[in-house]
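**Q** The primary structure of each chain is shown beneath.
2 protein chains.
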Amino acid sequence: MKKLINGVDDVVAEFLLGVAAAHPELHVDHEHRIIARGGGAKPGKVGIVSGGGSGHEPLHGGFVGTGMLDAAVAGQVFTSPTPDQLLEATRLVDGGAGVLHLVKNYTGDVMNFEMAAELAAAETGVEVESVIIDDDVAVQDSLYTAGRRGVGLTVLIEKIVGAAAEEGRDLAAVAQLARDVNASGRSMGMALTSCTVPAAGKPTFELADDEMELGVGIHGEPGRKRVKLASAKEVAASLVEPILADLDFTGAPAIVMLNGMGGTPLLELYLMYGEVSKLLAERGVTVARCLVGNYITSLEMAGCSVTVLRASDDMLALWDAPVNTPGLRWGA
Amino acid sequence: MKKLINGVDDVVAEFLLGVAAAHPELHVDHEHRIIARGGGAKPGKVGIVSGGGSGHEPLHGGFVGTGMLDAAVAGQVFTSPTPDQLLEATRLVDGGAGVLHLVKNYTGDVMNFEMAAELAAAETGVEVESVIIDDDVAVQDSLYTAGRRGVGLTVLIEKIVGAAAEEGRDLAAVAQLARDVNASGRSMGMALTSCTVPAAGKPTFELADDEMELGVGIHGEPGRKRVKLASAKEVAASLVEPILADLDFTGAPAIVMLNGMGGTPLLELYLMYGEVSKLLAERGVTVARCLVGNYITSLEMAGCSVTVLRASDDMLALWDAPVNTPGLRWGA
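Taken in sequence, the protein lines are chains A and B.
Each residue of the first sequence is one higher than the one before, starting from 1 at the first, in full-length UniProt numbering.
Each residue of the second sequence is one higher than the one before, starting from 1 at the first, in full-length UniProt numbering.
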């Protein structure tokens, strides 16, 4: 295992030290492993909390800031944060208008966010709504997940819902919007290589030199099938077709993300985006906005994922709203 | 070789197709492999052109836009663009105030930019100034280079000089500023793994499972020494000490970049930044601004580099000026 770390047990704690050093505008709670906006909760604004296992950066910590998340909670690598951590984050961002939990659909995350919401209601009276994100069309159930997994659409939901909260919409409206975006978006990913969890010290799975995994999960969970290496054009079709088969994306503007899994150069990601956008055009999908780069990663895994959102005019306007976070920044 | 490509000969051309699809605000000249701002040359503004071999993205194409480059020219992977391409880019961005060439110090790049400047003067009368960037403290001469190599400081020079041109400064002032920044900054990098040039089909160099290369070049050129794997803390010292030994960075604000080589997760890059910033503080260097992420890469190489710039107040103000490019965006 070749990694730029000190001890395997200190990776997340030391990552947070680096984030605190690089981003004095953010507040880092090292005890609870929370990255939050500096300046505390904004009175009257719905607080938005997300989080999950580490190793997917910039998600979630890199998306904290104006127009996106209020706080992100970091578990160990690929491991859910605890209810205590999530409760503390919920307290931290409560500005009196309630708190929205954005939860990727993994059994541990769902359970721990649920416990935190119950504790928050019982102990502090803060109102919490939770939205489960489950956009991955690859497989129905999976390692760590009952139902579909939450993957790339999380980035788009955090941006759109974050903008809505920034505008001052109330908790019920913001939660409904998150559910609407989740219902309107789909993703699928693939891997050329595995990744290595520091504490495990060896690759999560094995792939032969001439193989790739279609439909891989963001923790290296098995996908739909293991196939021979193929061209970028064929890979694009393998990702886009299952997405289009699952939901009708014609007749509305689409927001598309071509996401890198962490170890694939931008040179290849743009090349892949060229193939994906060509294919979408052929299939009658109108891309209104796109994002190409590493936004939800799986450590150093080589590979990519495609996310397509059927956007309403409201979602599109919220997508365009200013955002100012380490990982996503425009118009601010 | 596992890559998301079609044919090895089509990588750069197809990368540009993806860039064009993703960034309609940019103008892509596919024949000459130029990424330029949309809307043509800005009358009275110094045009800024950079370029070099592909495989270092987002550098240079991702830094085209308001506040940074006017055009970037893409060679084949790790191969200099031709004089013809560079001449065309020079013509394209000439708004009557002259054109600045920002050239990383590699023999092929220096030669081809020089020929383009001569051709531009002879054929079109456009005034060209060239600044050679040579910030790498690792080695004196190297594969492909007489003198020091141009590496991470290129990103900072493109940002600062781009802002100065945007302000309307004249060619002589902008060129002198580029030289001043080059004289005030130093970099050093390291690799945990090699990278694979598509056309070569095999890793550029071999590193054992327990080895790393200190002082590696951005094309995988040999560095200072090959050593056993070490902790993040030790790696940080191996990169920072040679930089501090080469130039005094105390008594002025520093701009610091912790750059990923392409295959290293953000989790590790932030962890490394924590180590680097701690060390700089111990050594009396005051970090005024920093940048953590993948900005000048070597395909999928795992590793990182550190760049430190001793910034004047002018450079700091130009650093903070609005920038709006695919790879760097703030305040705009």
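What the hints contain is simulated information worked out from the structure, not anything from laboratory work.
Where a beta carbon is used, it is the ideal one built from N, C-alpha and C, also for glycine.
Hints are not guaranteed to be accurate.
[Claimed, not checked] Label pairs and their calculated CB-CB ranges:
no., chain 1, residue 1, chain 2, residue 2, range
1, A, E123, B, D210, 46 to 56 Å
2, B, G331, A, A230, 51 to 61 Å
3, A, K225, B, D10, 57 to 67 Å
4, B, E206, A, D210, 18 to 28 Å
5, B, D210, A, E31, 50 to 60 Å
6, B, M115, A, E167, 47 to 57 Å
7, A, E123, B, E167, 28 to 38 Å
8, B, D10, A, G284, 23 to 33 Å
9, B, T286, A, G284, 48 to 58 Å
10, A, P203, B, G168, 32 to 42 Å
11, B, D314, A, Q140, 29 to 39 Å
**Q** Evaluate the given range 48 to 58 Å for the C-beta pair formed by B/T286 and A/G284.
**A** holds, 56 Å
**Q** Is 29 to 39 Å right for how far apart the beta carbons of B/D314 and A/Q140 are?
**A** violated, 59 Å
**Q** Look at the Cβ atoms of A/E123 and B/D210 and judge whether their distance stays inside 46 to 56 Å.
**A** holds, 50 Å
**Q** Quick check: does the Cβ-Cβ distance between B/D210 and A/E31 fall within 50 to 60 Å?
**A** For B/D210 and A/E31 the Cβ distance comes to about 35 Å; the hint is violated.
**Q** Is the hinted range of 51 to 61 Å satisfied by the C-beta distance from B/G331 to A/A230?
**A** Cβ of B/G331 to Cβ of A/A230: about 42 Å, so the range 51 to 61 Å is violated.
**Q** For the range 23 to 33 Å, tell me whether the beta carbons of B/D10 and A/G284 fit it or not.
**A** 26 Å Cβ-Cβ, so the 23 to 33 Å window holds.
**Q** Could you tell me whether the CB distance from B/E206 to A/D210 stays inside 18 to 28 Å?
**A** holds, 21 Å
**Q** Has the hinted range 47 to 57 Å been met by the Cβ atoms of B/M115 and A/E167?
**A** Between B/M115 and A/E167, where Cβ atoms are some 55 Å apart, the hint holds.
**Q** May I ask you to test the hint 32 to 42 Å on the CB atoms belonging to A/P203 and B/G168?
**A** Once the Cβ atoms are compared, 54 Å apart, the range 32 to 42 Å for B/G168 and A/P203 is violated.
**Q** Honestly, do A/K225 and B/D10 meet the 57 to 67 Å range at C-beta?
**A** Violated, since A/K225 and B/D10 (Cβ atoms, about 27 Å apart) do not stay within the stated range.
**Q** State, for the Cβ atoms of A/E123 and B/E167, whether the hinted interval 28 to 38 Å holds or is violated.
**A** violated, 54 Å
The structure fails to meet hints 2, 3, 5, 7, 10, 11 from the earlier list, while all remaining hints are met.
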